[in-house]
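Respectively, the protein sequence lines represent chains A and B.
Going by the working numbering, 346 is the number at position 303 of the first sequence; the sequence numbering is gapless.
Going by the working numbering, 628 is the number at position 268 of the second sequence; the sequence numbering is gapless.
If you're looking for bench data, these hints aren't it; they were derived computationally from the structure.
Virtual Cβ for every residue (Gly too), placed ideally from N, Cα, C.
Treat the hints with caution; some may be incorrect.
[Claimed, not checked] One side only, chain B facing chain A, incomplete, derived with CB under 8 Å: (1) 429; (2) 445; (3) 465.
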Amino acid sequence: MFYREAGDFSTTYPEDSQTFPIRFDRYRYYVVLAFAFLVVPFIINDYWANAILLPFLIYAIAAIGLNILTGYCGQVSLGTGGFMAVGAYACYKFMTAFPDLSMFINVILAGLVTAIVGVLFGLPSLRIKGFYLAVATLAAQFFLVWLFNRVPWFYNYSASGQINAPERAEFGILVTGPNASAWATYLFCLIFVTISALIARNLTRGSIGRSWMAIRDMDIAAEIIGVNPLKAKLSAFAVSSFFIGISGALFFAVYLGAVEVGEVFGITKSFLVLFMVIIGGLGSVFGSFAGAAFMVLLPVLLKVVGVDMLGMPTDIVAHLQLVVVGALIIMFLIMEPHGLAQLWRLAKEKLRLWPFPH
Amino acid sequence: MKDSSEGYTTEDGRKIGGVVMEMKNITLRFGGVVAIKDISFDIREGEIRAIIGPNGAGKSSMLNVISGFYVPQEGEVWFHGAPRPKMRPFQVAQQGIARTFQNIALFEGMSVLDNVMTGRLTHMKTGLFAQALWKGKAEKEETANREVAERIIDFLEIQAIRKTPVGRLPYGLKKRVELARALAAEPKLLLLDEPMAGMNVEEKEDMSRFILDVNDEFGTTIALIEHDMGVVMDLSDRVVVMDYGRKIGDGTPQEVRNNQAVIDAYLGVSHD
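Sequences and hints are given; from them, build the entire structure.
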């Protein structure tokens, strides 16, 4: 009814290996993309951009990044916040050191710097795995936050210890700073999200993605059939950190504008992105979006229902949010370890036949 | 059968070529335990070579030495007429040695097709950036390798399950998918560790047919470990017999069957 593949035949291998092999799926994807690029910028306002759309887009990039490392390559990381901070501070340094550089290039350079840092902290993964690797990345998290707090060069010796994003324009339109309009910041982030998702999808369906998944599923067998574990693991760390660095740069420069590292990129940020990946679905690009949307929308939804509709005090709702998120994480881990992405797949299977199941 | 350094012709008329791999005085120890003691044998191009022996004889250790997973303390592995330097298992795979495992070692989270394509990884060379772009070089390489993978899938008759996650498949099919993954590498030497363990008679017959077909069609050199004597005697051209880490027999199935040491190892010796 909503979804069918009858009459859809792939006659070539490229057709069969495309991202949306079913025609209906493909059209829906184009419609969503067209809506996001052509309609939303005209109806967007400050509240929607700052409360929902910008955090969703930026967290989606971070979730894609972490999903590549944890979901596809099986390397658990708790250093996401620290790597986002690397992206943010790298972006800040590039913005202040080269005021004429395009913002696009600043953000990409920030991603590249983070990729290098990610590879450095990924080196222990060649020796240790599982919980032990998680603890090693946790060390990265604390070390990086400490570094950006303690070395004044990173925040250009400012008195407050904060970093503030200067105003930068792209094609004459402000994309950073307090005077940037909502639609411009939204479009700027959307471009990065779209390209990140495309790259992530291309990498995960090709030979590199297969070598990551082989390492995740059975590393010894992977090595014996010809996967170089060093190359696979470090490339996963590099690509993952690249995306996380981009999201950190956008989070600082476009979304917040001013950052105090311990507050914004602390351990809670690492867990938030990890929850997004778990709830959204490990090993799925779509899951990264679903998880980011879920974790961004949940507080807003709870606030609307709790404070505005039921008249509960704000602090109670804020605490309730922690309880709900915790319960959901446990629920997902027990009942659907593959997250929202798997629920979506199951729903599609059902909808394929609905309402005539036979 | 006439044996010479230039190869020989089997009973059913197949031409067997020169030596592909030669094990020279291999000794492998784990601490104080000697798993393999001073074993030498060769594997010739195009033949099916079996390694048999009672439990704990060191057969799987021998296979692990060939595939580079264990490094022997003494002795050399010669591949294509030269001693093989010390290398990591993935480098051995890149030289053209593929294997299957005694306890299936498939990638459970991936589909059958992805598993088989993983076997092609040693043939796929495009870099990170070309793959990020996908269009062009990466897509072309993917398609070319997909064609090879699909030929193998066709050959082993697993077309119907190519998009199924491997975790959902029954045991017999998993064994076949694992063979497909090893074959996808187009190996010069294929190592099979108990390809028929835990199978019923029909599945064993299927698997035997596939092994013979692989050898026949692609000319792949095969070394296999197997417990089912009937299968070994039917399939293999030459057999190495191991017991307690030593080689106690080597030759055609007929020769091995009449070897007193082999009979003693399998049936026991009376001590009266």
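Do the hints match the structure? See the list:
no., hint, in the structure
1, 429, "6 Å, holds"
2, 445, "17 Å, violated"
3, 465, "4 Å, holds"
When each numbered hint is compared with the structure, a violation occurs for hint 2 only.
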